[in-house]
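Trainee: As a plain string of letters, each chain reads:
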Amino acid sequence: MTVVFYIAGVVAVIATLLVITRRNTIHALLYLIVSLFAVAVVFYTLGAPFVAALEVIVYAGAIVVLFLFTVMLLNIGRESEAEERRRVRPVAWIGPSILAAVLLVELAVAVASGATAQVGARAVEPREVGVALYGPYAIGVELASTLLLAALIGARHLGQRQHEHDIGELAGAGVAAAGPQGGGPDAGGPAGGPADEAGEKAPAEEPEPALVGDEEPEAAPRTTRFWRKDEP
Amino acid sequence: MAHVPFEYGLFLAAALFLIGLVGVLVRRNLIFVLASIEIMLNAAGLAFVVAGSRWGRADGQVMFIFILAMAASEVAVGLALALLFRRMFGSLDIDEASRMRG
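Protein chains in written order, with our numbering: chain A, 1 to 232; chain B, 233 to 334.
There may be inaccurate statements among the hints.
Now the stretches of chain B that chain A is said to cover, found in silico as 3 or more residues with beta-carbon under 8 Å [claimed, not checked]:
#1 235-244
#2 265-275
#3 315-321
FYI, nobody ran anything at the bench for these hints, they're computed from the structure. Here a beta-carbon is modelled for each residue, glycine too, at the ideal position from N, C-alpha and C.
Bound-form chain A, shown alone (with noise of 0.2 Å):
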């Protein structure tokens, strides 16, 4: 088992080189799906069966999958890939590189200097892991959920928001075709009686302020007219 671990670990590594190396987004989906595939043998290796299994349900079975579902509805194609090779180019790897490698050592240096100690010697078994999450981690698990939640409720109000958009353009494009015609009479009828009224009672009362709201709309558009008319 403990050459498993070793080989585990430099495919993982491998296949991760190749997720970031990649060109087209397929394949280093497919990468990625080898190197998570080869962390949770690693997992199983160290005695943690259950996140081993959790590893290949949840990040290859659900997370990787969504992503190939993005891919496809993005219809990602060769021009993706030519631009992906123009903008990126080979120059753009040394400093990040060079960056990480040095952590890297900085990082083996820190831990080999600490004390020496064999993991993996006993499984956790999943039993434990399920009276730890429901026991001292109780709460954690509903903060868990209530970030799912929210998750949800994000995810959906992203994905719907342009739709609602086209919805609502539509809409109000058909408001806006519909007021002169249908809007017109049936406002017509009710806007009639008042002004009849006001008519007769204008002259010996003061006049209400609906009724100047009324007015005001009909006579913006005339003094804007009478403008235009004036100006050339």
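Model the placement of chain B on the given structure of chain A, informed by the hints.
Mentor: What follows is chain B alone, placed relative to chain A:
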């Protein structure tokens, strides 16, 4: 069970994390950036599991489950944003987002 030194497990986690970091820094495609973030989160979970296995406790695996939930929610929102990004800019290049449109 494997009997490997504790350092090697942490070293593997650090290597995976830094590969993901290089991917975030170098790549310009939004899908690749999200995948690199997934790699980094996975490496952090690996470090937790290695540490939990070092002391034979279940806490590391519990933390990995929380990281898993966070990664799942992050990728759901991130991919919804990728769809929106593509619709708005016609491309997945994250440099397009540096242009502001009032």
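Trainee: Kindly indicate which numbered hints from before are broken by the structure, ordering the numbers from low to high.
Mentor: Hints that this structure does not satisfy do not exist here, as all of them hold.
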